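J.: These protein sequence lines map, in sequence, to chains B and Y.
Be aware that the first sequence starts at 1, since it is given in this note's numbering, and climbs by one per residue.
Be aware that the second sequence starts at 1, since it is given in this note's numbering, and climbs by one per residue.
Hints in this document: simulated from the structure, not taken from any laboratory.
The structure presented is a predicted model; accordingly, all values stated were derived computationally and were not measured.
Some clues are possibly wrong.
What the hints assert, rightly or not - Interface residues of chain B toward chain Y, partial, derived using beta-carbon atoms under 10 Å:
#, residue
1, 72
2, 101
3, 104
4, 202
Said to hold, decoys possible - Interface residues of chain Y toward chain B, partial, derived using beta-carbon atoms under 7 Å:
#, residue
5, 284
6, 287
7, 617
8, 630
Said to hold, decoys possible - Computed footprint of chain Y on chain B; a stretch qualifies when at least three of its residues, placed anywhere within it, have a C-beta under 8 Å from a C-beta of chain Y:
#, region
9, 22 to 32
10, 35 to 44
11, 159 to 170
12, 276 to 282
13, 316 to 323
14, 396 to 410
Glycine is no exception: its CB is placed at the ideal position from the N, C-alpha and C atoms.
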Amino acid sequence: MKNLLLVMSFSVLYTFVACSDYLDVKPDDSLTVPDNVQDLQALLDYENVFNMQYPAAGDIGADYYFLSKADWDSRDIDARMTYIWDINAQNHLDWNYSFQRIFHCNVVLDEIDKAKLGSMTEADRDIIKGRAYFYRGWSYFQLAQLYVPYYAKGMADSEYGLPLQLVSDINEPVVRSTVHETYSRIIDDLERAAELLPDRVGVPTRPSRAAALGALAKLYLIMGDFELSLYYTENSLDINDVLLDYNDVDRDSDIPFKVFNKDVVFHAVMLARSGVHEQGYAFVDTVLVKKYNEYDLRKTAFLKADDTGLFRFKGSYDGGNYALFSGIAIDELYLIKSECLARLGREQKALEVLNRLLSKRWQKDRFVPMQLASNDDLLTIILEEREKQLLFRGGIRWSDLRRLNQDPRFAKILVRKLDDRYELIPGDDRYTFMLPFSVIQISGMPQNHR
Amino acid sequence: MRQGKLLVLVGAIFLVLKGAFAQQGVVRLSGKAVDEIDRAPVPGVTISVKDIQRIYTTDKDGMFELVLPRRPEYQMTMRRIGFDPLHVNMKIDKDTVVTITLKPADNVLEEVTVNTGYQSIPKERATGSFEVVNAELFNRQIGTDVISRLDGIMPSILFDKRTGAEQRMVIRGVSSLSAIQGAPLIVLDNFPFEGDINSINPNDVESVTLLKDAAAASIWGAKAGNGVLVITTKKGKYKAPWQVSVHANSTIQEKPDLYYMPRMSTSDFIDIEQFLYEQGAFTSMLANTTNRPPLTPVIELLDEHTRGEISETTLKNKLDYFREQDIRKDLSNHFYRTGINQQYSFSLNGGGENYTTLFSAGYDHNRSTLVGNDFRRINLNIQNTFRLTPRLDLSTGIRYSMLFGTNNHLGNIQMSAAKGMYPYAEFVDEYGQALAVTKDYRNSYLDEVDERGGLLDWRYRPYDELHLADNTTTGSNLLFSTNLKYRFLADLTGEVYYQYEHEPSFGRQFYSEDTYYTRDLINRFTQVADNGIIRPIPLGGILDRSQSELKAQSFRGQINYTKDWANHSIAAIIGMEIRHARNEGNNTRLYGYDDDLQTTNRVDYVNRLPIYDNLAGASTIIFSDRAFGGTQRFVSAYSNGSYTYKKKYTLSVSARKDASNLFGVATNDKWSPLWSVGGAWNIGEEEFYHSNLIPRLKVRTTYGYSGNVRNDVAAVTTLQYYGTSRLGRYPYAVVMNPPNAELRWEKIGTFNLGLDFGFVNNVLAGSIEFYRKTATDLVSLVETDPTTGFGSLSMNSAIIKNTGVDLTLNSNTKLGNTHWSGTLLMSLNRNRIEKYMLEPTRFSQWVGTGSSVSPIEGEPAYSVVSYRWGGLDPETGDPIGYLEGVETKDYSLLNQQVTKNDLVFHGSALPEFFGAFRNTIEWKGVSVSMNIAYRTNYYFRRQTINYSNLLTANGQVEHGDFNERWQQPGDERYTTVPSMIYPTNTRRDEFYRNAEVTVERGDHIRIQDINLSYTFLRNGIKPLRNIRATFYARNLGVIWRANKHNLDPDVAQLPLPKSWSIGLNANF
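Model the full assembly from the supplied sequences, consistent with the hints where possible.
T.: Structure (structure tokens):
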């Protein structure tokens, strides 16, 4: 009996010690810990996080569209308040989704250097690292246009930057950085991405070097550094400057553009908020509609007349008519290049770039290259083309309004007419959205100015 | 008897043989104790002989052997709980073999043994807290499954039916913040049962034991935190005559009452649609020529009228017709019916010297109250035991069940994904033909498409769909178990258990070409080109198949040691257990499937294809094939022991360590040690205690720990692969858990103090128990700063304290031929969040229905919290709330900044005091039994109007409180329902919905069930022993309630249907 008990105790003891392997089996085959390069790549290919749900608040507040009173009434309260730039408008989803994306980037950046290669190569490791930097920098870029006061080269720093979450540890404290730190981080992330990413990619859900350079070009344009913006635009266009020719597009179709068309450098779509930008609700701004020339193909490709004589938008580069394209496209880079050149006094070159774009936007046989008038005129023309090309493109118009308001020549008072009339004047605090109340409550961070 | 039983009783007899007495001076008395009624052996009979210290016990086969010093006469007493004590005077002068016949006590109050799944313990020696339901009580209820038969017959178990599910149990309060984790562990015979609980045939059940406290449950370790329910099935008995038993019963279930919940009238809904139409809410949809969003017939009529296509009179006539319609009429007539459940079972059992056998079979057929749904089950079961040698027993059993389900009911019939069906929809015309209703596209558009030709019919006819649906599931469950038991010595046995479980299941959903699903999909992808029609989704049906399989193996080795000598007895076990379970499966879809020829057709999964008429952007064809799998492994080592002195004092200890392959946890943390200690004092056996009134009296107490395994949280970042991304078509993975290194196992400490008592002749007997259960390190979903990347995180964040009392009282009286027995069950549970580590970000997140846990310090885990109510504004009918004590109508601000003082804490959403009172009267074979259940001290929130759901383009018919709404100044004196405003304000609706005026007390009394039985031929006519006929009615409804709205507080939606059964049971 003693022997038996001994055997029994040993076997129990043995179990304690030796079962570690036995218990290392995964409870669900599809589970894994992100310890190899392939898993990290799979994480970055989660399109819901990395290619969707980009911030919408600025576009709800933008001036390229309007809602009827009846449709405004039937939107949810947060969308309604944002539409009229209410002081307490809440846009927590924009914040939440962006920081969710940033967290995912940080998981990848925390693990990538020590991750096992498996069947992948060191080159793959660099690319994945570059992608994580791109998505992080790009997300902070978008957030900065909503929640941080306008910032340009040479402006005074302020304490109202974004909280910079740079590791995946959820217990890290959340504190606001300065605006300068926020922008430095965005630039740093995007520059690293540009170093690590390949020039081109197969499917533009994944960022390329062209995309990272394009993002930097966009950022420097907003910051008013036209030389750097031009530099990055040219670098990006050096990789690929082939435009989609709207002459080849089925403009009569309700869905004229295919997803991943030639213009697309990086594919992303905006968060759909209470249907605000849906074709069924949003009308294209009537002043903007009148600006299209009759031979401008964008008029038919983008606009669809309603029974009432108003126009709907059908030109999303997403290839459908629900989600707004919110990525980076070559036509935008042409417009940036043209604007920078004009602002740097190289009018002739600026006009040439603009004409190259317009030649793909006008009816082939009707296109006559534009001739140069005065400098002021050219910039106005370029900015007007910008509006005509980039309406209903997520993340562009709101930051344009913020930067152009700095210049009295282009400053604009926005007006919403419902039963009441609402105005947003240049430089208004409401150009910077409030941080979500719940975030302020949990983190104790200071709220934006009101 | 069960194989797994610990042989506490075996030892005593053989010890004697070792020769403590000189052979000359002794006489040997041996024999068997049998039950007077069925002559079955009675184990565990204590035999005491006057002037002899030693107490003898019969073994598990009722055998005993006494070696006694030679005397002229012996005065002997035989006792066994459940039997009348037997006093005999015997004169023997030589070795004698006798048969002792014990007469069952009239009032059987207590099962003698409790089965923990590891061992059987005589209840008088147990220190822990157990509840046992024997076969007789279990079979008093009629039903298809095991679990719902326990409702109302066991203290401590609260059936929480708020979600409409009948089987959700809450045992002794709340010990976990997650509802799934809150379920008790279910053990079938020796091993945890992880298959489908509905596959078990309730007629195979011998008893159900509930293990409530730490000493009882700690043997199940890390899974026992919420209690353990041990289901013991019937087995054959050694040396027992063959017995056959046949059951048959039929149950009729009432058709669900769709009119139970008050609803606004169709006419009012049409008025609202007209109002919205005038407000322009549909203008955009009417103008939408891209997606052609569906519009209700009323909106179409209004539009036709506006466009001058129909006259004012036509409009009025047509609207008046619609006003008369009610969708519930067709639903009730054609989609619901009276349910019929049939159950048949047969069993045969018996045993010889060296073997026992039990064979049983069962068949169930349930015709659901939902037209199209049907369930069938076949059970086969064979259990054998062989005594291979006097020292070695072998048991084997095979349990097999097959389940067939048909799920063709359409469920909730929606107009589109976002919009419920309009209340004036008609599904069937006067000739019984199916009618089309508006579904995904405008009717006028479908007319246009019809004219163009080339497409399949695109209308949706729910009544046809009901008959076209072909959705079945088939499953089986095989349970093979075997057990070897070896008696090394009289007091030492070793046991090995092995169990193999195999549960494959198959799902098949066939959408024939006639179904709307298939027609719609084919049409959407159809391209009409100049040279003909291209159909990327081929004609023919679509077949979805799913397959999954669970294979589990369990192994247990255990050593039992029991010894009784002089005044001492010891019972101890030590063992270890390994369990491995693997589940695997896959889903596949076939397009262009022909059910007769089994032919299929290929589709292009790769390219984005245009959608007909550009109704949507180009899409790929749905690809739903996938495979999945997982492995669960557990290793446990356990031990427990008890020591009893003079049958008066018992001390018990147990310890257990569990480990599992939890993911993302360091190996050291996978082991979770748990323990318990307990003591019992049998006062009734004390010499100083002589009470003629209460002869039986026992106090017992235990303390210890059990746990909760959380499979859904991890300490390191974990990813899960999902499939192929939509656009890039890359394999992608999702972060399931953020790294959370500080996560610990949930732990539950339980203190239990119990008193068992029995008055003389068991006129009144029962037990009262007090417990305190403290669950620490509870994991809950905590709202976190979304800036971290997560809006909520699972964290060890709460401590819950449960205090409670369970009382069981049994009473028996006999008056002539009439026998009355009554059982009163009372359970008191008060659970409070003792500590919650995190501050709430907004107090408004506490308000609600109490259907999920809200961790508020000092409040019940499920608590009903409201906004304070300030009445209706007499001018506008707006609801008024309080913000920092001041009246306000700023509902957004209220939602953001409401303070604790502006809230009303009503109390628990689960009854804090509940139980049942069961009375049975028997007279000459007639037995009438009624169980009345009561629940008090809790609150529920009744449903009310939500204007935001009504006043939108996707509006649906709303609650009947619409009729009670404030309409003009003065109404505020009679109603609390706010006025209707447009545009709506979701926060205003939310405020009223969660204000204190929509909360009601849940207290109520209901008739749980009534059982009426008559036993024919009580004395039997060979070979028949008896026949019993039963009438049984269940869920008879509420007889008293505190709320004035005639609502059943136990359910959120429809009350459980009343049912009536008749049954017949014959024993041979």
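J.: Work down the list of hints and note, for each, if the structure agrees.
T.: Results of checking the hints against the structure:
1. With 10 Å as the threshold, the beta carbon of residue 72 of chain B comes within range of chain Y, its nearest partner Cβ sitting at about 8 Å, so the hint holds.
2. Among the interface hints, the one on residue 101 of chain B holds; its C-beta lies about 8 Å from the nearest C-beta in chain Y, closer than the 10 Å criterion.
3. For residue 104 of chain B, the suggested interface contact is upheld, since its CB lies about 6 Å from the closest CB of chain Y, less than 10 Å.
4. Because the closest C-beta pair between residue 202 of chain B and chain Y is about 8 Å apart, less than 10 Å, the hint holds.
5. The beta carbon of residue 284 of chain Y comes within 5 Å of a beta carbon in chain B, closer than 7 Å, and the hint placing it at the interface holds.
6. Checking residue 287 of chain Y against chain B by beta carbon gives a least distance of about 6 Å; that is within 7 Å, so the hint holds.
7. The criterion of a C-beta within 7 Å of any C-beta in chain B is met by residue 617 of chain Y, whose closest approach is roughly 3 Å, and the hint holds.
8. Nearest Cβ of chain B to the Cβ of residue 630 of chain Y: about 4 Å, under the 7 Å cut. The hint holds.
9. Coverage of the region 22 to 32 of chain B by chain Y holds. Counting CB-CB distances below 8 Å, 11 residues qualify, and the rule asks for three or more.
10. As drawn, the region 35 to 44 of chain B meets chain Y at 4 residues by the rule of a beta-carbon pair under 8 Å; at three or more, the given contact holds.
11. Restraint check on the region 159 to 170 of chain B versus chain Y: 5 residues with Cβ-Cβ distances below 8 Å, three needed, restraint holds.
12. Against chain Y, the region 276 to 282 of chain B contributes 3 residues with a C-beta closer than 8 Å to a partner C-beta. That satisfies the three-residue criterion, and the hint holds.
13. Remark: the region 316 to 323 of chain B is confirmed as covered by chain Y, as 5 of its residues place a Cβ nearer than 8 Å to a Cβ of that chain, reaching the required three.
14. Using a Cβ-Cβ cut-off of 8 Å, 0 residues of the region 396 to 410 of chain B lie near chain Y, which falls short of the minimum of three, so the contact claim is violated.
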